[in-house]
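Asks: So you can see what is in the structure, the chains are spelled out below.
Protein chains: 4
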Amino acid sequence: MTIRVQGHELGLDQRLCLIAGPCVVESHSATLAIAEQLTEMTTQRGIPFVFKASYDKANRSSASSYRGPGQAKGLETLAAVRERFDIPVLTDVHEYTPLDEVADVVDWLQTPAFLCRQTDFIQAVAACNRPVNIKKGQFLAPWDMSHVVDKAKATGNTRITVCERGVSFGYNNLVADMRSLAAMRATGAPVIFDATHSVQLPGGQGSASGGQREHVPVLARAAVAAGVSGLFMETHPDPANALSDGPNSWPLDRLPALLDALLALDSVVKQHGFAENEH
Amino acid sequence: MTIRVQGHELGLDQRLCLIAGPCVVESHSATLAIAEQLTEMTTQRGIPFVFKASYDKANRSSASSYRGPGQAKGLETLAAVRERFDIPVLTDVHEYTPLDEVADVVDWLQTPAFLCRQTDFIQAVAACNRPVNIKKGQFLAPWDMSHVVDKAKATGNTRITVCERGVSFGYNNLVADMRSLAAMRATGAPVIFDATHSVQLPGGQGSASGGQREHVPVLARAAVAAGVSGLFMETHPDPANALSDGPNSWPLDRLPALLDALLALDSVVKQHGFAENEH
Amino acid sequence: MTIRVQGHELGLDQRLCLIAGPCVVESHSATLAIAEQLTEMTTQRGIPFVFKASYDKANRSSASSYRGPGQAKGLETLAAVRERFDIPVLTDVHEYTPLDEVADVVDWLQTPAFLCRQTDFIQAVAACNRPVNIKKGQFLAPWDMSHVVDKAKATGNTRITVCERGVSFGYNNLVADMRSLAAMRATGAPVIFDATHSVQLPGGQGSASGGQREHVPVLARAAVAAGVSGLFMETHPDPANALSDGPNSWPLDRLPALLDALLALDSVVKQHGFAENEH
Amino acid sequence: MTIRVQGHELGLDQRLCLIAGPCVVESHSATLAIAEQLTEMTTQRGIPFVFKASYDKANRSSASSYRGPGQAKGLETLAAVRERFDIPVLTDVHEYTPLDEVADVVDWLQTPAFLCRQTDFIQAVAACNRPVNIKKGQFLAPWDMSHVVDKAKATGNTRITVCERGVSFGYNNLVADMRSLAAMRATGAPVIFDATHSVQLPGGQGSASGGQREHVPVLARAAVAAGVSGLFMETHPDPANALSDGPNSWPLDRLPALLDALLALDSVVKQHGFAENEH
Numbered sequence: 001m002t003i004r005v006q007g008h009e010l011g012l013d014q015r016l017c018l019i020a021g022p023c024v025v026e027s028h029s030a031t032l033a034i035a036e037q038l039t040e041m042t043t044q045r046g047i048p049f050v051f052k053a054s055y056d057k058a059n060r061s062s063a064s065s066y067r068g069p070g071q072a073k074g075l076e077t078l079a080a081v082r083e084r085f086d087i088p089v090l091t092d093v094h095e096y097t098p099l100d101e102v103a104d105v106v107d108w109l110q111t112p113a114f115l116c117r118q119t120d121f122i123q124a125v126a127a128c129n130r131p132v133n134i135k136k137g138q139f140l141a142p143w144d145m146s147h148v149v150d151k152a153k154a155t156g157n158t159r160i161t162v163c164e165r166g167v168s169f170g171y172n173n174l175v176a177d178m179r180s181l182a183a184m185r186a187t188g189a190p191v192i193f194d195a196t197h198s199v200q201l202p203g204g205q206g207s208a209s210g211g212q213r214e215h216v217p218v219l220a221r222a223a224v225a226a227g228v229s230g231l232f233m234e235t236h237p238d239p240a241n242a243l244s245d246g247p248n249s250w251p252l253d254r255l256p257a258l259l260d261a262l263l264a265l266d267s268v269v270k271q272h273g274f275a276e277n278e279h
Numbered sequence: 001m002t003i004r005v006q007g008h009e010l011g012l013d014q015r016l017c018l019i020a021g022p023c024v025v026e027s028h029s030a031t032l033a034i035a036e037q038l039t040e041m042t043t044q045r046g047i048p049f050v051f052k053a054s055y056d057k058a059n060r061s062s063a064s065s066y067r068g069p070g071q072a073k074g075l076e077t078l079a080a081v082r083e084r085f086d087i088p089v090l091t092d093v094h095e096y097t098p099l100d101e102v103a104d105v106v107d108w109l110q111t112p113a114f115l116c117r118q119t120d121f122i123q124a125v126a127a128c129n130r131p132v133n134i135k136k137g138q139f140l141a142p143w144d145m146s147h148v149v150d151k152a153k154a155t156g157n158t159r160i161t162v163c164e165r166g167v168s169f170g171y172n173n174l175v176a177d178m179r180s181l182a183a184m185r186a187t188g189a190p191v192i193f194d195a196t197h198s199v200q201l202p203g204g205q206g207s208a209s210g211g212q213r214e215h216v217p218v219l220a221r222a223a224v225a226a227g228v229s230g231l232f233m234e235t236h237p238d239p240a241n242a243l244s245d246g247p248n249s250w251p252l253d254r255l256p257a258l259l260d261a262l263l264a265l266d267s268v269v270k271q272h273g274f275a276e277n278e279h
Numbered sequence: 001m002t003i004r005v006q007g008h009e010l011g012l013d014q015r016l017c018l019i020a021g022p023c024v025v026e027s028h029s030a031t032l033a034i035a036e037q038l039t040e041m042t043t044q045r046g047i048p049f050v051f052k053a054s055y056d057k058a059n060r061s062s063a064s065s066y067r068g069p070g071q072a073k074g075l076e077t078l079a080a081v082r083e084r085f086d087i088p089v090l091t092d093v094h095e096y097t098p099l100d101e102v103a104d105v106v107d108w109l110q111t112p113a114f115l116c117r118q119t120d121f122i123q124a125v126a127a128c129n130r131p132v133n134i135k136k137g138q139f140l141a142p143w144d145m146s147h148v149v150d151k152a153k154a155t156g157n158t159r160i161t162v163c164e165r166g167v168s169f170g171y172n173n174l175v176a177d178m179r180s181l182a183a184m185r186a187t188g189a190p191v192i193f194d195a196t197h198s199v200q201l202p203g204g205q206g207s208a209s210g211g212q213r214e215h216v217p218v219l220a221r222a223a224v225a226a227g228v229s230g231l232f233m234e235t236h237p238d239p240a241n242a243l244s245d246g247p248n249s250w251p252l253d254r255l256p257a258l259l260d261a262l263l264a265l266d267s268v269v270k271q272h273g274f275a276e277n278e279h
Numbered sequence: 001m002t003i004r005v006q007g008h009e010l011g012l013d014q015r016l017c018l019i020a021g022p023c024v025v026e027s028h029s030a031t032l033a034i035a036e037q038l039t040e041m042t043t044q045r046g047i048p049f050v051f052k053a054s055y056d057k058a059n060r061s062s063a064s065s066y067r068g069p070g071q072a073k074g075l076e077t078l079a080a081v082r083e084r085f086d087i088p089v090l091t092d093v094h095e096y097t098p099l100d101e102v103a104d105v106v107d108w109l110q111t112p113a114f115l116c117r118q119t120d121f122i123q124a125v126a127a128c129n130r131p132v133n134i135k136k137g138q139f140l141a142p143w144d145m146s147h148v149v150d151k152a153k154a155t156g157n158t159r160i161t162v163c164e165r166g167v168s169f170g171y172n173n174l175v176a177d178m179r180s181l182a183a184m185r186a187t188g189a190p191v192i193f194d195a196t197h198s199v200q201l202p203g204g205q206g207s208a209s210g211g212q213r214e215h216v217p218v219l220a221r222a223a224v225a226a227g228v229s230g231l232f233m234e235t236h237p238d239p240a241n242a243l244s245d246g247p248n249s250w251p252l253d254r255l256p257a258l259l260d261a262l263l264a265l266d267s268v269v270k271q272h273g274f275a276e277n278e279h
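Residue numbers (the UniProt record's numbering), protein chains in the order written: chain F, 1 to 279; chain P, 1 to 279; chain A, 1 to 279; chain E, 1 to 279.
The hints are simulated quantities; they were obtained by calculation from the structure and are not laboratory data.
Computed from a prediction, not measured in an experiment: that's the story for all the values here.
Glycine included, C-beta positions come from ideal geometry on N, C-alpha and C.
The reader is advised that the hints may include incorrect statements.
Output of the computed footprint for chain A on chain E, the stretches with three or more beta carbons under 8 Å from beta carbons of chain A [what the hints assert, rightly or not]:
#1 53 to 60
#2 109 to 123
#3 142 to 150
Here are the simulated lysine-lysine pairs, BS3-like style, with alpha carbons at most 25 Å apart [unchecked claim]:
#4 P:K73 with P:K57
#5 P:K57 with F:K153
#6 E:K73 with E:K57
#7 A:K270 with P:K270
#8 F:K73 with F:K57
#9 A:K57 with A:K73
#10 E:K153 with A:K57
#11 P:K153 with F:K57
#12 A:K153 with E:K153
#13 F:K270 with E:K270
Cβ pair distances, simulated, as ranges [claimed, not checked]:
#14 P:Q71 with F:Q71: 44 to 52 Å
#15 F:G156 with P:Q44: 40 to 48 Å
#16 E:D260 with F:D104: 42 to 50 Å
#17 E:W143 with F:D104: 46 to 54 Å
#18 P:D86 with A:N277: 56 to 64 Å
#19 A:D13 with P:G11: 31 to 39 Å
#20 F:S65 with P:A240: 41 to 49 Å
Sequences are here, hints too, so could you generate the full structure?
Replies: Here it is, written out as structure tokens:
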């Protein structure tokens with residue numbers, strides 16, 4: 001259960017892969033500046049890094065929220081990040097995304113949690129022959145991800161990862177069940193933890209989803225110690241003024257310190273092994 | 001907050017509208033036979049009836065489950081039901097459904113719970129200028145349906161209904177929160193209760209979702225007494241051998257007795273009024 | 001599964017029994033005035049009525065909240081209600097209640113939801129040889145109430161009822177699962193629905209639990225239509241100034257209209273029978 | 001927020017304290033044998049250790065399950081453990097426990113999750129002037145533990161710890177919310193994680209609660225990385241034949257390896273600090 005994404009190996013016997021970036025492409029230059037800092041940060045620490053940004057937020061709570069720069073500009077920016085820093089990029093695709101055009105530019109496709117049960121969509125994305133990160137629906141039990149992975153792999157694509165991003169817990173709240181990170185190993189796909197959306201309070205701000213940024217380090221540390229192949233985290237130089245998901249973005253200038261703690265934990269846990277796997 | 005669907009009025013000051021039929025079109029003749037019985041049953045009782053059947057189950061747990069006869073045959077059967085019995089028909093559409101072709105044949109479009117947050121999809125369906133029944137996501141709070149309804153109405157379509165079908169309650173279980181039926185009145189859209197999917201045990205049978213048919217009458221009675229404009233219920237002459245959702249389908253031959261109880265409750269509650277609305 | 005409480009029969013083949021009163025005894029005269037109105041209201045409608053009031057709230061969120069007049073005064077008031085209006089009274093007992101003294105005065109003992117799993121406590125209460133209404137814990141599945149009832153009956157007391165009052169649903173929220181009302185019939189004990197505490201928002205006001213009174217009629221109607229032997233409801237002439245549980249108390253002057261709707265529903269549903277029981 | 005338990009300091013700036021032992025005292029000699037192994041294990045690793053065992057399981061699902069050796073024998077065994085190995089012991093007390101007799105023998109009292117809201121009980125236990133470990137109810141939000149701690153401290157006892165053991169998540173399941181471990185720091189009491197009861201499936205075996213031992217290491221690692229003052233864990237030399245809670249006990253012979261991983265994580269996280277606290 002190790003897969004390869006553009007030269008990076010993902011697996012429980014590999015160092016933690018960081019997937020990070022702003023929630024949405026805000027401007028070309030701002031996006032490149034973030035990518036530069038993240039590249040430097042991860043190069044210094046010698047860990048695999050994949051840049052993440054959305055260009056079209058297709059499922060925001062309210063129709064009047066900022067959705068992004070649109071596809072043409074968005075892909076242009078992602079392509080620039082990719083080339084300038086020589087790093088792989090990931091973006092999310094949706095029900096009406098022209099998949100081929102996106103797959104031409106990005107290295108790793110991501111499917112939204114809400115869409116994890118849409119058979120045709122999942123298979124269409126998997127058929128693009130790019131690695132696919134499938135987010136687990138907020139309504140799905142971890143063991144039910146096996147069927148989702150099987151559907152995706154039925155297209156012949158074996159580079160599938162699964163991602164925990166919290167499960168519905170009453171109204172307007174999610175809980176990140178750490179058991180899920182171990183349970184999803186049974187899918188055969190490397191498991192990634194999304195520390196950003198796990199602290200979302202869906203719909204919690206009326207016309208937008210709220211979030212509790214202060215829980216990002218808590219859940220990220222917990223997940224890394226539970227044992228994951230990758231960590232997904234949104235970051236922003238100025239979260240209070242971010243155009244999307246600001247409440248749960250982690251401040252870019254505080255990321256290095258957090259990263260150091262996480263990598264130390266990752267190293268310890270992968271050294272000691274996973275007692276649950278011998279069960 | 002009364003809307004018109006093909007000659008039927010839907011609202012809290014109207015008699016309960018029944019939306020019923022098999023989960024999926026199994027064969028042309030079997031589907032027509034069910035429609036005939038339901039037409040007779042509802043005509044005798046003088047209530048609005050809309051026939052429901054899917055022709056393509058796009059989000060089944062496992063890729064190997066029966067999905068239906070496909071679009072051409074499915075629409076043909078729905079058209080036949082519509083013409084032969086002079087009743088409106090409802091079907092559900094998905095991310096890749098050719099919406100125009102479906103809207104040409106059916107009277108009422110329904111969007112799946114998983115897709116309720118996909119802005120483009122909801123607006124594409126609403127733009128078809130047919131009434132749209134929007135199922136509330138298993139991950140959504142009732143008050144958050146206002147944004148969904150607003151998105152749909154932004155297309156100019158005012159004939160929107162909202163539908164409760166249970167909310168995530170731990171893993172592999174749903175709970176039907178009766179407060180939701182009252183809370184969703186604030187959307188301005190008539191509220192429908194789906195008694196079939198509310199008793200689903202998602203993923204509960206391993207590669208398929210289970211269900212607890214015995215709770216259908218309990219939840220249907222409760223919802224009608226809470227006060228709804230319509231009731232959605234899947235029924236089958238032989239649920240044990242149904243090709244989809246059998247475990248939560250109500251046996252067709254036991255529907256008349258259940259319907260009598262429900263209509264009597266509906267009449268009582270609508271006579272006495274809704275104390276919560278004066279609050 | 002019919003039991004007798006001071007001349008009243010409780011069961012699914014009997015008219016709905018109303019258990020109502022203020023959350024807590026506030027003053028002797030105010031309590032008697034409420035009891036008088038309730039007695040009149042229920043006599044006119046020919047239904048069994050049991051007066052309910054607590055005299056010591058032993059599990060309030062904060063230690064500084066009003067707990068009641070204490071045992072001596074509280075029992076005196078309950079005894080006065082009992083004698084003056086010739087009606088049975090119910091009160092709740094707690095871990096340190098002198099059970100014999102209470103059982104001397106009240107007709108029906110009630111155990112708190114939080115304590116439903118305390119074997120010694122449940123058996124001590126059951127051993128008082130009074131009917132016991134056991135509230136289901138907010139953390140318990142309906143089917144697990146069978147063990148609780150069995151423990152209580154092991155004392156030789158057969159007059160046990162079980163009561164649904166909502167189940168934990170995320171933080172600071174409860175949901176009333178109507179399936180529970182049918183599922184708990186398997187305990188062999190008549191099932192009662194508590195419409196007041198089911199709308200509680202536990203801890204929702206910081207140092208006290210909040211509540212949403214507007215959902216009381218919705219849930220009460222739903223539960224009666226699901227089919228119950230009794231309905232528990234707290235009422236107050238001036239809920240905004242009630243000393244405990246005001247946010248979820250139903251205004252006394254609006255109770256007659258609500259009661260009329262509920263009794264009409266009760267009559268309809270018990271006439272038509274319970275389709276789920278034939279399953 | 002550091003407290004002292006018999007010479008051990010508990011706090012986020014101290015090494016992890018281990019509270020471990022069998023669920024229930026099975027026999028005098030078996031209990032001593034377990035205590036000996038645990039003492040050796042923790043002495044070698046230089047960490048604070050508190051021996052834990054119950055002598056009377058007062059809230060088992062079914063009345064016919066093994067409850068323990070009773071108080072006299074139970075306390076005798078605990079006293080023997082205490083003296084022979086010179087270690088502090090912890091046990092849980094219940095609604096009818098003679099608190100003085102227990103407090104004479106044990107160093108640390110623990111209150112059950114179900115009873116966390118019983119004001120009189122919590123205060124009676126706190127009044128014993130021993131450290132008290134208060135388990136958070138399965139029905140309680142983390143921030144609501146502040147009221148519980150305040151009630152306890154109102155007795156003058158400042159040596160209070162709080163303990164997360166999972167929160168209700170649908171029926172017959174719990175989820176361990178790692179955010180709770182950080183949120184409960186606001187109570188001012190050191191936070192302990194109970195890795196054993198967090199993997200319980202309440203009522204999951206019909207007449208007894210089930211459990212998923214394989215999740216113990218996952219949750220324990222996650223909690224330690226989230227940051228806690230202590231870890232509570234039940235262990236047994238032969239879990240399959242344990243008389244109580246066997247399904248969630250961790251095998252004694254596999255504890256050293258698990259402990260090594262946990263202590264390494266604890267050391268890393270306490271070195272790097274808690275980014276969330278600076279928020």
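Asks: If a hint holds in the structure, say so; if it does not, say that too.
Replies: Hints, one by one, checked against the model:
1. 53 to 60: This one holds; 3 residues, not fewer than the three required, reach chain A with a Cβ under 8 Å.
2. 109 to 123: holds (count 8)
3. 142 to 150: holds (count 5)
4. P:K73 with P:K57: holds, 14 Å
5. P:K57 with F:K153: holds, 20 Å
6. E:K73 with E:K57: Cα-Cα ~14 Å, so holds.
7. A:K270 with P:K270: holds, 19 Å
8. F:K73 with F:K57: holds, 14 Å
9. A:K57 with A:K73: holds, 14 Å
10. E:K153 with A:K57: holds, 20 Å
11. P:K153 with F:K57: Holds, at roughly 20 Å.
12. A:K153 with E:K153: Judged against 25 Å, a Cα distance of about 38 Å means the pair is violated.
13. F:K270 with E:K270: Given that 25 Å is the threshold and the Cα spacing comes to 19 Å, the pair holds.
14. P:Q71 with F:Q71: 44 to 52 Å: violated, 28 Å
15. F:G156 with P:Q44: 40 to 48 Å: violated, 54 Å
16. E:D260 with F:D104: 42 to 50 Å: Check passed, 48 Å falls within 42 to 50 Å.
17. E:W143 with F:D104: 46 to 54 Å: Holds, since W143 of chain E and D104 of chain F (Cβ atoms, about 49 Å apart) stay within the stated range.
18. P:D86 with A:N277: 56 to 64 Å: violated, 37 Å
19. A:D13 with P:G11: 31 to 39 Å: Hint holds: Cβ distance 35 Å, inside 31 to 39 Å.
20. F:S65 with P:A240: 41 to 49 Å: Once the Cβ atoms are compared, 47 Å apart, the range 41 to 49 Å for A240 of chain P and S65 of chain F holds.
The structure fails hints 12, 14, 15 and 18 (numbered hints given earlier, in ascending order).
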